[in-house]
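Asks: Fit chain Y to the supplied structure of chain Z, relying on the hints for placement.
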Amino acid sequence: MIFLQLFWVYFKIGIFGFGGGYAMLSLIQHEVVEKHQWISDAQFTDIVAVSQMTPGPIGINSATYIGYTASGSVWGSVIATFSVCLPSFILMLFVSRIILKFKDNLWVDTIFSGLRPAIVGLVASAGLMLMNSQNFQDWKSFLIFGVVFIAVKFIKLHPILMIVISGAFGYFFCYPS
Amino acid sequence: MKGLKVLWDLFSVFFKIGAFTFGGGWAMISIIEKEVVEKKSWLGKEEFIDALAVSQSLPGIMAVNISIFTGNKQAGFKGALAATLGTVLPSFVMILAIALFFTRIYNEPYMIAIFNGIRPAVVALIVIPVFTTAKSSKITWRNCWIPIVGALLIWLVGVSPVYIILGAAALAVFRMLLKRRG
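Residue numbers (my numbering), protein chains in the order written: chain Z, 1 to 177; chain Y, 1 to 182.
Bound conformation, chain Z alone (with noise of 0.2 Å):
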């Protein structure tokens, strides 16, 4: 009974859930805190703080949390994650399809190149929103910010290797005063 109504939320949350992780979490709150009552408000900020600080999606790290926490079985976690995907996997596969096909029609060719400059500006506004007190707390921070940008952007080197340095260089210098 538990497995179906993992099932039936996170299926829900998977077809609701636009505009990406955060926009998700209120979403996700309404249904497993406030409706279902799986885990309490503590723990709904237990997740989104653990999901900060490991790598993924948010929706997934809560669907696999809330899935085992909920039922106490990893076949939670499984049945979580994979319904949360579920309806991304039926629309993206058809959408994508589509787009393949028609790639040179006048309409969908209008819409794509309409789209791009907006596109620049969405992920604008996600730098944006991050240029926090939280994320930049001192001068270190905009150390990091800067030589993080020039190293990937203009020297070519990997973004996983910067975000393995910057961990590095933050387990040295800096702990919380």
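Keep in mind that the hints were calculated from the coordinates and are not lab data.
Misleading hints may appear alongside valid ones.
In silico lysine to aspartate or glutamate, EDC-like type, Cα no more than 20 Å apart, as pairs [said to hold, decoys possible]: (1) Z/Lys12 <-> Z/Glu34; (2) Y/Lys45 <-> Z/Asp104; (3) Y/Lys135 <-> Z/Asp109; (4) Y/Lys179 <-> Z/Glu34; (5) Y/Lys138 <-> Y/Glu38; (6) Z/Lys153 <-> Y/Glu35; (7) Y/Lys179 <-> Z/Asp104; (8) Y/Lys138 <-> Y/Asp9; (9) Z/Lys101 <-> Y/Glu108; (10) Z/Lys153 <-> Y/Asp9; (11) Y/Lys138 <-> Z/Glu34; (12) Y/Lys135 <-> Y/Glu47; (13) Y/Lys138 <-> Z/Asp109; (14) Z/Lys103 <-> Y/Glu35; (15) Y/Lys45 <-> Z/Asp109; (16) Z/Lys156 <-> Y/Glu108; (17) Y/Lys45 <-> Y/Glu35; (18) Y/Lys73 <-> Y/Glu35; (19) Z/Lys103 <-> Y/Glu46; (20) Z/Lys153 <-> Y/Glu38; (21) Z/Lys12 <-> Z/Glu31; (22) Y/Lys73 <-> Z/Asp109; (23) Z/Lys103 <-> Y/Glu47; (24) Z/Lys101 <-> Y/Glu47; (25) Y/Lys73 <-> Z/Asp104.
Replies: Just chain Y now, kept in the frame of chain Z:
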């Protein structure tokens, strides 16, 4: 055998992307661009922006959506499955381990220190694609107001990105119809 090689490639590249993406979908873009566009040439530069547009417009997890788009283009349904599995598996394993064993590891001071280092790096990795996507989407003085207004509406007014995408698409269609008539 060649088919299996492609699937393994898709799985391992997206596994790498999934394992090193902190801070959600947008933070992945730098890594995806490096691996999928520059190294593997699975998507062209414009195609990459189109993939971003579709992944952001449809519901669901953006990283999963991009995996499906890329995997499907490379090897159909199986490719989409391999790429998605790669993206999901690192988080799945790590979160499960945390749920099972160390619930409170993220309160350790050294973990906080490591992430004080990683977070500004992630912001830099999100800012860089602004320049690369601006170049490949041919931003000029005439159309640079579109990304600027879009970014400000999302950042300051809190408009959902979905509406910015719908608005830009509607504007493009409207312009085409005007051109046709005139």
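Asks: Does each hint fit the structure? Answer for all of them.
Replies: Hints, one by one, checked against the model:
1. Z/Lys12 <-> Z/Glu34: Given that 20 Å is the threshold and the Cα spacing comes to 15 Å, the pair holds.
2. Y/Lys45 <-> Z/Asp104: holds, 17 Å
3. Y/Lys135 <-> Z/Asp109: holds, 18 Å
4. Y/Lys179 <-> Z/Glu34: At roughly 52 Å apart (the allowed maximum being 20 Å), Z/Glu34 and Y/Lys179 break the hint.
5. Y/Lys138 <-> Y/Glu38: holds, 18 Å
6. Z/Lys153 <-> Y/Glu35: holds, 14 Å
7. Y/Lys179 <-> Z/Asp104: holds, 19 Å
8. Y/Lys138 <-> Y/Asp9: violated, 31 Å
9. Z/Lys101 <-> Y/Glu108: Roughly 51 Å between the alpha carbons, so the hint for Z/Lys101 and Y/Glu108 is violated.
10. Z/Lys153 <-> Y/Asp9: With Cα atoms ~25 Å apart, Z/Lys153 and Y/Asp9 exceed 20 Å; violated.
11. Y/Lys138 <-> Z/Glu34: Given that 20 Å is the threshold and the Cα spacing comes to 46 Å, the pair is violated.
12. Y/Lys135 <-> Y/Glu47: Answer holds: Y/Lys135 to Y/Glu47 is near 13 Å, not above 20 Å.
13. Y/Lys138 <-> Z/Asp109: Cα-Cα ~15 Å, so holds.
14. Z/Lys103 <-> Y/Glu35: violated, 24 Å
15. Y/Lys45 <-> Z/Asp109: With a Cα-Cα distance of about 15 Å, the restraint between Y/Lys45 and Z/Asp109 holds, given a limit of 20 Å.
16. Z/Lys156 <-> Y/Glu108: Roughly 33 Å between the alpha carbons, so the hint for Z/Lys156 and Y/Glu108 is violated.
17. Y/Lys45 <-> Y/Glu35: Holds, at roughly 12 Å.
18. Y/Lys73 <-> Y/Glu35: Holds: Y/Lys73 and Y/Glu35 sit about 16 Å apart, inside 20 Å.
19. Z/Lys103 <-> Y/Glu46: Judged against 20 Å, a Cα distance of about 12 Å means the pair holds.
20. Z/Lys153 <-> Y/Glu38: Status holds; Cα separation ~13 Å.
21. Z/Lys12 <-> Z/Glu31: Holds, at about 9 Å.
22. Y/Lys73 <-> Z/Asp109: holds, 18 Å
23. Z/Lys103 <-> Y/Glu47: holds, 10 Å
24. Z/Lys101 <-> Y/Glu47: holds, 14 Å
25. Y/Lys73 <-> Z/Asp104: Judged against 20 Å, a Cα distance of about 16 Å means the pair holds.
In summary, the numbered hints that this structure violates are 4, 8, 9, 10, 11, 14 and 16.
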